[in-house]
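**Student:** Chain by chain, the residues run as shown.
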Amino acid sequence: MSTAAVGATAEARVRRISPVAVAMLIVIAIGAWNLWQVDGQLSIGLGLPGVAAWVAWAIYGLVAIAIVVALQRFADRPITGMVLALAWGGLAATWAAEGANAAASTIFLRVIDSDPHAWLSTPVIEESLKAVGVLGLVLIPVLRRVRPLDGLFYGVLVGAGFQVVEDAIYTTTSLFQNPGEPGPAIIATMVMRGFTIGLFTHAVYTGIVGAGIAWAACAPSGQRLRRSLGAIGIFVAVMAAHGIFNTQDTINPINLAAALIPFAVLLLVIRYARRGEIAFLAAEAASQDGWGELRTDEVALIGAARPDDKQTRRLRDRAIAFAWAADRLEPGTRRYRRAVERLRGARHGAA
Amino acid sequence: MKIDSRPVQWIGAALILGWAGFIALGLPQIAAAIPNEAATEAGTPVTVGGVTITPSEGWSLPKDVSEILILRKAGSQLTALPPAPATGDATSILAPLVEPLRQDPNVTWNLGDPQPFTTASGASGAYVVALAPQQFVTNYVVVQDGQSTQVIVTGTDADWTSLHEEILNMVKTVAIAGGGS
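Chains as they are written, first to last, in numbering that gives the first Met the number 0: chain F, 0 to 350; chain E, 0 to 180.
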């Protein structure tokens, strides 16, 4: 290959680097540095209890994220997108929200002599920061999966990253302010924030917002305004739920409702978005090269609302992955080839 | 316009940097720019964190401190800590509080003897003045009905010269919430 050709290829690669990705990485790096300077140093200063709190929440986070990733059976989403989502939620959004929530508290006290920041400004600050991360992920071309389920999935990861780091910071701050028995304190915080109502908050809220963002982003040209307004409405409703949740200091029917109703909504969104995804991809895939690999009866099975056996579900899931790859990525890429292999494997398994 | 077009990409990048920057850096700047001090009315009691004090003319109250009573005038600041169970009389409580000043390796403090006083409500108190070049720290302790509060006043030596009588008179108005009068 000539030097000129190498130069042209390198230039094309540089031109493909998304400014959105660069912007996200800058904020993530600043967030990581600042979190390390404040919360990292505080945790180290606490000694073993501080480190134990972070390790406990890291294990919790890894298990939770592994479950979420395993649940998205059919998808072939890039690992870079997942890592970026977690990093945005855990490092960028958490850092920005930490200082902003304190600043909002100060502003309220100085202006109105009372402090409603927990239920009034915190939902706006935290939900908007997380939503900006999902928006960024939707805009990065190589990660772009502009379907509601994609937005939902990235939203859940952003929210999960935020929640785990926020909970770890909360735990270490609590240990610092109330020195005593660190073990029971860490366990009590994990039960409260990780295994009861805390389980259904940030990841669920951002999952719903992410689905809304992607739903608007994939709108046909005639529906863009309507869907954009709809996404804004979803965002406002989620902020309201977050605000209601934050009005309560103990577990009671009000914050249980503010946590569990959105969780039920998320499950409904998954159900309907998945159905829409199948119809969309089946229609899209019919026009793609390579779709002829599937027989007509297999295409019909893929479009069925309720696949009646595990093998059909697997076939459908892999076909969706293939359809996504064929539709979104340039032929010849590694992921495209892998998707074709999966499809062939599914066909042979079904035969 | 397609989502992956360059203008959309640059707008997205600007949105991410702009919103994260505003939230993380802008809000704290706005908070810092809002005036913090609220003027108090001379002779009107102020209660924060379980301690009541009646300021004289010219003292202000920071609005964003809700747990500890803080008053400021000129270069001096008065801080009244929340009440705690009294472990002895005012003088005995005061002794360990000023000990760190005696052992300060960086500043040589000139510490006075404990001076007893009685508040307007009849509670007993004591204080110790610590002077160093261009600064002072005075620790007051008031004991009332089994509870005690520590009042720390800091400032420049000029403030102490002009305000020490006024400050002592204000400390004599201290009442601990829940305590008898």
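If you're looking for bench data, these hints aren't it; they were derived computationally from the structure.
Mixed in with the good hints, there may be bad ones.
As the list claims (entries may be wrong) - Label-pair restraints from in silico Cβ distances:
| id | chain 1 | residue 1 | chain 2 | residue 2 | range |
| --- | --- | --- | --- | --- | --- |
| 1 | F | V54 | E | A31 | 51 to 57 Å |
| 2 | E | P6 | F | I253 | 41 to 47 Å |
| 3 | E | G57 | F | V37 | 21 to 27 Å |
| 4 | F | V37 | E | P84 | 33 to 39 Å |
Each residue gets a CB set at the ideal place from its N, CA and C atoms; glycine is no exception.
**Student:** All the hints need checking, so say for each whether the structure fits it.
**Tutor:** Outcome of the hint check:
1. One distance hint, 51 to 57 Å for the beta-carbon pair F:V54 and E:A31, is violated here, with the actual separation near 36 Å.
2. One distance hint, 41 to 47 Å for the beta-carbon pair E:P6 and F:I253, holds here, with the actual separation near 45 Å.
3. Between E:G57 and F:V37 the CB atoms are about 37 Å apart, so this pair departs from the stated range of 21 to 27 Å.
4. At roughly 34 Å, the beta carbons of F:V37 and E:P84 sit within the given window of 33 to 39 Å.
Taken one by one, the earlier hints fail for this structure at numbers 1 and 3, listed in ascending order.
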